[in-house]
Structures are given as structure tokens and as C-alpha cells.
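Enquirer: So the chains spell out like this:
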Amino acid sequence: MSNIAASASTLPSVTVAGAPPTVRGYWGTVAYRLRYDRVTLFFLAIIALIVLAAVFAPLLAPFDPTKSSMLYRLKPIGFKAFQLGTDELGRDMLSRLLWGGRTSLMMGLGPVVFATTIGGFLGVIAGFMGGKVNMAIMRTMDVFYAFPSVLLAVAISGTLGGGLRNGLLALTLVFIPSICRVAESATTQVRNLDFVEAARASGASTLSIIMHHVLGNVLAPVFIYASSLIAVSILLASGLSFLGLGVSPPTPDWGLMLSTLRSAIYVQPMVCALPGVMIFITSLSFNLVSDGLRRAMDVKA
Amino acid sequence: MSTNLSLAPQTDPRDRGGRHQPMLIVRNLKKYFPIRGGTLQRKVGHVQAVDGVSFSVRKGETLGVVGESGCGKSTVARLIMNLIPRDSGELIFDGDPVGLEQGISLRDLRRNMQMVFQDSYSSLNPRLPIQDSIAYGPRVHGASRTDAKKMARDLLDKVGLRPELYGARYPHELSGGQKQRVNIARALALSPRMLILDEAVSALDKSVEAHVLNLLGYLKRHFDLTYLFISHDLSVVQYISDRVLVMYLGQVVEIGPVDSIYDRPRHPYSQALLESRLAMDPGERIEEAPITGEPPNPINPPSGCRFRTRCPFAETICERAVPQLSGEGVHQVACHMADSSSGHTKAGMTAVH
Numbered sequence: 001m002s003n004i005a006a007s008a009s010t011l012p013s014v015t016v017a018g019a020p021p022t023v024r025g026y027w028g029t030v031a032y033r034l035r036y037d038r039v040t041l042f043f044l045a046i047i048a049l050i051v052l053a054a055v056f057a058p059l060l061a062p063f064d065p066t067k068s069s070m071l072y073r074l075k076p077i078g079f080k081a082f083q084l085g086t087d088e089l090g091r092d093m094l095s096r097l098l099w100g101g102r103t104s105l106m107m108g109l110g111p112v113v114f115a116t117t118i119g120g121f122l123g124v125i126a127g128f129m130g131g132k133v134n135m136a137i138m139r140t141m142d143v144f145y146a147f148p149s150v151l152l153a154v155a156i157s158g159t160l161g162g163g164l165r166n167g168l169l170a171l172t173l174v175f176i177p178s179i180c181r182v183a184e185s186a187t188t189q190v191r192n193l194d195f196v197e198a199a200r201a202s203g204a205s206t207l208s209i210i211m212h213h214v215l216g217n218v219l220a221p222v223f224i225y226a227s228s229l230i231a232v233s234i235l236l237a238s239g240l241s242f243l244g245l246g247v248s249p250p251t252p253d254w255g256l257m258l259s260t261l262r263s264a265i266y267v268q269p270m271v272c273a274l275p276g277v278m279i280f281i282t283s284l285s286f287n288l289v290s291d292g293l294r295r296a297m298d299v300k301a
Numbered sequence: 302m303s304t305n306l307s308l309a310p311q312t313d314p315r316d317r318g319g320r321h322q323p324m325l326i327v328r329n330l331k332k333y334f335p336i337r338g339g340t341l342q343r344k345v346g347h348v349q350a351v352d353g354v355s356f357s358v359r360k361g362e363t364l365g366v367v368g369e370s371g372c373g374k375s376t377v378a379r380l381i382m383n384l385i386p387r388d389s390g391e392l393i394f395d396g397d398p399v400g401l402e403q404g405i406s407l408r409d410l411r412r413n414m415q416m417v418f419q420d421s422y423s424s425l426n427p428r429l430p431i432q433d434s435i436a437y438g439p440r441v442h443g444a445s446r447t448d449a450k451k452m453a454r455d456l457l458d459k460v461g462l463r464p465e466l467y468g469a470r471y472p473h474e475l476s477g478g479q480k481q482r483v484n485i486a487r488a489l490a491l492s493p494r495m496l497i498l499d500e501a502v503s504a505l506d507k508s509v510e511a512h513v514l515n516l517l518g519y520l521k522r523h524f525d526l527t528y529l530f531i532s533h534d535l536s537v538v539q540y541i542s543d544r545v546l547v548m549y550l551g552q553v554v555e556i557g558p559v560d561s562i563y564d565r566p567r568h569p570y571s572q573a574l575l576e577s578r579l580a581m582d583p584g585e586r587i588e589e590a591p592i593t594g595e596p597p598n599p600i601n602p603p604s605g606c607r608f609r610t611r612c613p614f615a616e617t618i619c620e621r622a623v624p625q626l627s628g629e630g631v632h633q634v635a636c637h638m639a640d641s642s643s644g645h646t647k648a649g650m651t652a653v654h
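Protein chains in written order, with the working numbering: chain A, 1 to 301; chain B, 302 to 654.
Read the hints as simulated data drawn from the structure, not as lab findings. All values reported here derive from a predicted model rather than from experimental measurement. Beta carbons are placed, not taken as given, at the ideal position from N, Cα and C, and that holds for glycine. The reader is advised that the hints may include incorrect statements.
[Claimed, not checked] From the structure, some residues in chain B lie toward chain A, with a derived Cβ separation under 10 Å:
#1 Leu407
#2 Val441
#3 Leu462
#4 Tyr471
#5 Arg609
[What the hints assert, rightly or not] Taking lysine-lysine and the DSBU-like style, the derived pairs with C-alpha atoms no more than 30 Å apart in a straight line are:
#6 B:Lys450 x B:Lys521
#7 A:Lys132 x B:Lys331
#8 B:Lys459 x B:Lys521
#9 B:Lys344 x B:Lys360
#10 B:Lys521 x B:Lys360
#11 B:Lys521 x A:Lys132
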């Protein structure tokens, strides 16, 4: 979107002291509001930390995450070089958590990004065209909506088989209908406003009206909703791995680690809880940041 | 018809029909909205929103359109702008039929005729700075980014908003009056020859309304515009209009010069409408409503004259025959009382008031 690009370039000038306070773009206002939202900033920092840790996992991990050792199985936190202990096959927990973050974040962000693109597109089309097109798209979405999301994800990846790619596909399909619905209702609201009519009266094409007048107004609600789905996606992906439908061992993944370690919960409860703690912190952070974004993006409040 | 002698050097080069060709001729315009019902969404009837409306707008004049809410004023505006398709009827813009092969294209029509909407809140995109909203039209018609922006800032200046202060602002940072100024600037961005003002000042405070009306007067002179001014506010229409058209239930009941209509209204509906105005002098306040009841249902309008159900002079002829718009000269009225051959007992007499 051009206005995002434009706002990125105007952002620095906004923060310069002495600039007129009224000439702040939409995204400038959002950034300005976020600066004073301590909670959101704190959790944004945590997310950044987790993402950086996952990205630089190969450099940060002290051990090979897949290398097992029968001698050091289920050691407690802080045992010798294993700062976070070892799992049931004697693999270093810290290394596995770092590497597992990669898979878990990918499973959290990937489906949401894909579903936002596809669902958003379908929703805007349905909302703007109305009538029969809307009917066809939205009733198809309702079919998917009829199933509980967990069940649908399990059913799809169960049919397609395990693996990272199929897990991504299953979760994307699960998220499309709800995002599509948000985009559709936002578009329907905008479509009936006079400024769309005025744009049409100036002789603009449908595509131009959608690009300039509809997308900008639909983006915020869709973006906010999608950001709240990231946490859900991480949890669902962990659930799939837990059931053996997501990634397969020995690939490290938080959900999968939680699943395999659960038999050792009475032996090393602290170590077993670690992947769960990571999932909890990550999804909590995404949720709170999403809330903060919603407050910041509601410009007219 | 386009003789185009163009002897006068100040003639607008866009003027195709000549001085005396009306800017816009509307002939027998009709729009019935279907009402759908039942589970299968079948047509169960239709609202006769606009039923056979004909009038013309002369070059450089302001034609006021008045009538109760729901009488089809706004539908007429949207039909003229081709924002909704008309069921039947003809539109002729400066001698060129609209929507026909040999006539003016929709794109050209929209360059020549623009509309200002009533709701200043919903008529501006909340996500666009106002100068971008204004520049959008010229951009669509092929102006470069810098040209369009310059044009937008010039227009902001013309409507009384300093571009360096307001240009980059968003609609929610402006007051209602300022937003309506922006709406007017946007309508002018394609340098149209005619503006349709659909309740353009109705939502504003009285003081702001006065400012905007003065602005409209200034812009009309400055850009040599023609206005179609739709409003339910009779005083405002009287102030701004050269001629007035009174609508009732999707039809024209009276049309004529503003002084003639306001001083000697001939249709009972126009008379009632004008009497219902608030008096400036409290001693002249009216105790009884000059017109009672709701307008009839446009789904199933009365036979004959549509006003007969509320008309104090209704007779059997009014039930049987539809009165036609007639009258000598510029002041025309659709009432059996105005037609001496209609058979109405009061026919041929001058207006009661």
C-alpha cells in the first residue's frame, strides 16, 4: 500500500521537535500513540527478542538441537553446560527452544499472512460487488465456518498428512473464512458511504475506487483482527504438532516438544514446562500487542 | 442546434449549445425501486420514487428544488449524475443526449457536472488527507500527481481554507462547515460547468450555513457555474435560487421564477409548504399546521392528482385525471384549478391566497 510506504518516509519528520503538531499522517498518529503505550511497547520488545532469538538460533544455540546423548537424559535446569536442562533423549533444551522458535513462529505468522492476503481479497470483492458475488463467496465461507477451527485444522492436516507445509496449508484454510468476514463487513460499510459515491461521480473505475478509497479503510480492522490470530495460530500449530499432525520429530517445535516431554512431567516438571512457557509468553505478547494496535489505530477515538 | 456563432469572445469554449441552449434538459425521468420480499427475494412491488419528472436548467442560473423528505429530490440528483440507472427518460446536457451513441459520454458528463453531498462526514474518505481527496478526481482524469496537488491546494484557497494549514489534515480534524467547503472544492476539482448541491448546507449551523451560501455565490460568479440546488429549507432556496421547482411524491407540481412562486404560489401544496415556514415575527406565528398527515405511500400513490388526499380543494376530477404541468409563460403548475378546462369548480380562479 502506498500510504504505508509514504508514512514510513514521513515518520522521522513527525518525531522531530518543533514540527507543526497537526501535520501528522495516519500512520504517524498510530506511531505517536504507540510511543506512550508502555504495555504494548514492552510486549513488542519481547516479541522482537523472541523473533531475533529464532532468527539467530544457529549462532546462539550452544549445541546441535538434534544431537542426543543417552548419558544426559532429563537433566535439570542448570546441569553442567545445559543451561535449561535436557529432554528425554538428552538433547539440549536451550538449543531446541531456540530452533523450535523458528518453526513455531513460522507456523504462527505464515498462515495468518497467507490467510489475510487471500481472505482479505475475497472479502473486499464480496463486500464491494455485493449481490450474487457476495452470496457465493460468503456462503462458501460459512461452510468452513460451520466447523470448530481446531477440528477443521485437524481434519485437513489429517487428510493431507503431517509435515510443515501441510500444517501451514491447514491453518491458512482455517483462518481464511474469519478474515474474509471481517474484510467483507468493513467493505460493505465503506461501500455505502458518500465518498465512494463521490469517487464514482468523478468517473473513477471500480479498481481505482477499491485501491484508493476502500482498502485504506478496510486495512485497519483486518490488520487488527489478523494480529490477534497470530497467537491462535501458534497455539493451533502447537496443538497439531502435539497430535503428531504438524512437524515431525526430530525437528524442534514447541508444540512437539511439549508433547514428547509430557511423559516426563513427574521427573523434570520444570524442564517439561519450558516449551509451554514459551508458547504462553509468545501468544500473550502477540495478543497484547494486537490490543495496543487496536487502540492506536482507532484514530477517531 | 449547435450553431456556435461564438461572436462574444468571453464565451466559454466548452459551451457547445450556445447561450440559449439549456445546460440540462430532463425529460420524463422515471425511477421505480423494486421492493423485494419473501424468502426468494421476488419483486413484490415498487416505490415510484421519481415518476415522470421534466424540467430544464438554464445556463448560469440556480434552480432550487424543494419538497418534503421522501419526495424524490435526492433520487433526481443521483439519476442526473447517473449514479443510479434511470428506468426511462432523457437527459440532455448542453444539447448532447446522455448515454446515447452520438451524445456525451458518461465520463465527459461527469467532468462537466459534479455533485456536493449532504453528509459532510461520510462524503470524505477518513483515511485521506483532504488535499488528496480533492486531487483524486483530476488524477482519475489523467492529471499528474503534482498538477493535481497544485489544483487541490488552489481550490482549498478558493473555498477559504488555507492550503498550508489545512491541506494535509484529515476529515476528522475539521468542523462540519470546513468539511463541506472541502466537499465543494472536490466537486470543483474537475472544473465542472454545473454543480448539483444535494442538501449541501442542510446539516450546517445557521451561521456556518450563511458562510457556505456566500461562498457558493462567489464560486458561481468566479467559475461561471450553473447550480441545481436541492433543499428542504425554503428560506435558503429563496435566497439562492433564480427559479424554483416544487416536487411532491416523485412529480413536479410547480415550477417558476423564485419571486413568482414565493409571492403567488398556485399549487395548493406549494401554498401549504410556504405557509409552514417559520415566521420571523412571533406575532405572525401560525397556530395550525397548514398541511396535515404524512405524504401517501409512494408504493401505491393516489390516482389522479397525487396531492388530492391532503388537498383542501380536492374534487372528483382530481381523483380521475392526472393534472399536467401547464400555464402561460415561465410559471407552470400541475393542478386542475389552474386549468380552466379541467372541470374543477375553482378552475380558472386565481389562487386562494
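Enquirer: Hint numbers the structure violates, sorted upward?
Expert: 3, 5, 9, 11
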